[in-house]
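Chains A and B, in that order, are what the protein sequence lines are. The first sequence begins at 4 in my numbering and counts up by one. The second sequence begins at 537 in my numbering and counts up by one.
Possibly wrong hints are sitting among the right ones.
Derived CB-CB ranges, DEER-like [unchecked claim]: (1) B:S648 - A:R46: 18 to 26 Å; (2) B:M551 - A:G61: 44 to 52 Å; (3) A:Q81 - B:M551: 44 to 52 Å; (4) A:S43 - B:K554: 30 to 38 Å; (5) A:S15 - B:K588: 41 to 49 Å; (6) B:L563 - A:R44: 29 to 37 Å; (7) B:Q646 - A:F79: 30 to 38 Å; (8) A:S15 - B:H546: 45 to 53 Å.
Derived by calculation from the structure, the hints in this document are not laboratory data. Just so you know, even glycine gets a beta-carbon here, dropped at the ideal spot from N, CA and C.
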Amino acid sequence: AQRVTQPEKLLSVFKGAPVELKCNYSYSGSPELFWYVQYSRQRLQLLLRHISRESIKGFTADLNKGETSFHLKKPFAQEEDSAMYYCALSGSSNTGKLIFGQGTTLQVKP
Amino acid sequence: ETGVTQTPRHLVMGMTNKKSLKCEQHLGHNAMYWYKQSAKKPLELMFVYNFKEQTENNSVPSRFSPECPNSSHLFLHLHTLQPEDSALYLCASSQGAGVGEKLFFGSGTQLSVL
Numbered sequence: 004a005q006r007v008t009q010p011e012k013l014l015s016v017f018k019g020a021p022v023e024l025k026c027n028y029s030y031s032g033s034p035e036l037f038w039y040v041q042y043s044r045q046r047l048q049l050l051l052r053h054i055s056r057e058s059i060k061g062f063t064a065d066l067n068k069g070e071t072s073f074h075l076k077k078p079f080a081q082e083e084d085s086a087m088y089y090c091a092l093s094g095s096s097n098t099g100k101l102i103f104g105q106g107t108t109l110q111v112k113p
Numbered sequence: 537e538t539g540v541t542q543t544p545r546h547l548v549m550g551m552t553n554k555k556s557l558k559c560e561q562h563l564g565h566n567a568m569y570w571y572k573q574s575a576k577k578p579l580e581l582m583f584v585y586n587f588k589e590q591t592e593n594n595s596v597p598s599r600f601s602p603e604c605p606n607s608s609h610l611f612l613h614l615h616t617l618q619p620e621d622s623a624l625y626l627c628a629s630s631q632g633a634g635v636g637e638k639l640f641f642g643s644g645t646q647l648s649v650l
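Could you build all of it, start to finish, from the sequences and the hints given here?
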């Protein structure tokens, strides 16, 4: 079965500290992984996706197929990074079906 | 207005009511989606439409009835809902419906079933 697990509901760090939001997945095929973010009073939006190999707002994520993980990292957290982060998996070639994790709230304290 | 627009933003309905949620996208996308976001649960995919055709029904109860008259509009018709159906209903669209597509989300309709 396809499943995305984000073990932390809340992650609280101080400004300037490194951040790692954990994401593990379960999928028998070759998945595509994403991170979506929802800032306060804004709509859910794409942060980055595995296939693009990109770094957005200083965030990166590496797909580790051995550990079935796609952790989101940033070396120095900023207060404006405070938001809800969702890891998502797409494994269906026909419908673009996205499976989301439960989300992690990142709180960056000054 | 550009992007994905959902109306109404909030809806309160009784269990015997019939209501509809509306979603409109001005992005020229061909795929549209309904997701349900309940407290303490992950976002759940409900329906996928690609070029107006339903391609996914994620075992959604028949009291939820989607309609996609064209690629820009998506409706979710609600009938005899239960209190446990109270949730945030999110609409999204994407250029296509393949793997790796970027989804654009609306702001959602917060539904309360009394």
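Earlier hints that do not hold, by number: Numbers 6, 8 - these are the hints that the structure violates, sorted from lowest upward.
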